[in-house]
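Visitor: Sequence:
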Amino acid sequence: MLRTLVLMALVAFALADDDYSDVACCSVEDRHEIQSIWQQVWSAEFTGRRVQVAQAVFEDLFKRDPESKSLFTNVNVDDFNSPEFRAHCVRVVNGLDTVIGLLDDPDTLRVQLDHLAEQHKARGNIHKSHFAEISSSFGVVVPQVSSCFNRDAWSRCFSGIATRIAHLLED
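Under the working numbering, the very last position in the sequence shown is 171; numbers go up by exactly one each time.
Any given hint might turn out to be false.
Said to hold, decoys possible - PhoX-like, lysine-lysine: derived pairs with alpha carbons at most 25 Å apart:
#1 Lys63 - Lys128
#2 Lys69 - Lys121
#3 Lys128 - Lys69
#4 Lys121 - Lys63
Said to hold, decoys possible - Just the calculated beta-carbon pair ranges, DEER-fashion:
#5 Asp171 - Ser70: 13 to 21 Å
#6 Asp105 - Ser70: 31 to 39 Å
#7 Ser147 - Asn125: 15 to 23 Å
#8 Gln119 - Asn76: 26 to 34 Å
#9 Pro106 - Ser43: 35 to 43 Å
#10 Arg151 - Asp79: 14 to 22 Å
#11 Glu45 - Asp171: 12 to 20 Å
#12 Glu118 - Asn76: 23 to 31 Å
#13 Thr98 - Ser155: 14 to 22 Å
#14 Glu29 - Asn125: 21 to 29 Å
#15 Ala44 - Ser70: 21 to 29 Å
#16 Phe80 - Gly124: 35 to 43 Å
#17 Gly124 - Gln52: 25 to 33 Å
Hints are computed from structural coordinates only; laboratory data are not their basis.
Every residue gets a Cβ at the ideal spot worked out from N, C-alpha and C, and that includes glycine.
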């Protein structure tokens, strides 16, 4: 009887935690690897290049998906060096910095990703495909500014992050 109760509790826990499955394939080792890679890219010693890295991600995104540029007209995307667009770039990558920092805290990470999902859903014109595209753009830019980049770990963790943020969006 006790075994049955324990088994039922484990199944219930697994099902309750199913909404976190997007990031679950990002193993503990992957998480540490991603945090290490990100530290190389985003640490305090590199504050001068943060905007450039973020702009490079968006530049790659707009090459992949030129129509996505229309999603950013409210931040003066036509002038990549405008204070509005530069500030937006930093907000996006600071958000990623926060999420990467939370990889070791799944409960808080889930809440943060759901918050970001709600923010993007509220915009009304963002689709899941946009997150697939920006995921690819990060996958192009980050290896250029990080030594010993682990593409597999990055893909497993970042795709889970992007999928979770995009889960409320239409295809």
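Visitor: Decide, hint by hint, whether the structure agrees.
Guide: Structure-based check of all given hints:
1. Lys63 - Lys128: 18 Å, holds
2. Lys69 - Lys121: Status holds; Cα separation ~17 Å.
3. Lys128 - Lys69: Between Lys128 and Lys69 the Cα gap is close to 15 Å, so the pair holds against 25 Å.
4. Lys121 - Lys63: Holds, at roughly 24 Å.
5. Asp171 - Ser70: 13 to 21 Å: About 18 Å separates the Cβ atoms of Asp171 and Ser70, which means 13 to 21 Å holds.
6. Asp105 - Ser70: 31 to 39 Å: 35 Å, holds
7. Ser147 - Asn125: 15 to 23 Å: Violated - the Cβ-Cβ distance for Ser147 and Asn125, about 38 Å, lies outside 15 to 23 Å.
8. Gln119 - Asn76: 26 to 34 Å: 20 Å, violated
9. Pro106 - Ser43: 35 to 43 Å: 24 Å, violated
10. Arg151 - Asp79: 14 to 22 Å: 33 Å, violated
11. Glu45 - Asp171: 12 to 20 Å: Violated, at about 41 Å.
12. Glu118 - Asn76: 23 to 31 Å: 25 Å, holds
13. Thr98 - Ser155: 14 to 22 Å: 20 Å, holds
14. Glu29 - Asn125: 21 to 29 Å: 37 Å, violated
15. Ala44 - Ser70: 21 to 29 Å: 35 Å, violated
16. Phe80 - Gly124: 35 to 43 Å: Violated: the Cβ-Cβ distance is about 25 Å, outside 35 to 43 Å.
17. Gly124 - Gln52: 25 to 33 Å: For Gly124 and Gln52 the Cβ distance comes to about 30 Å; the hint holds.
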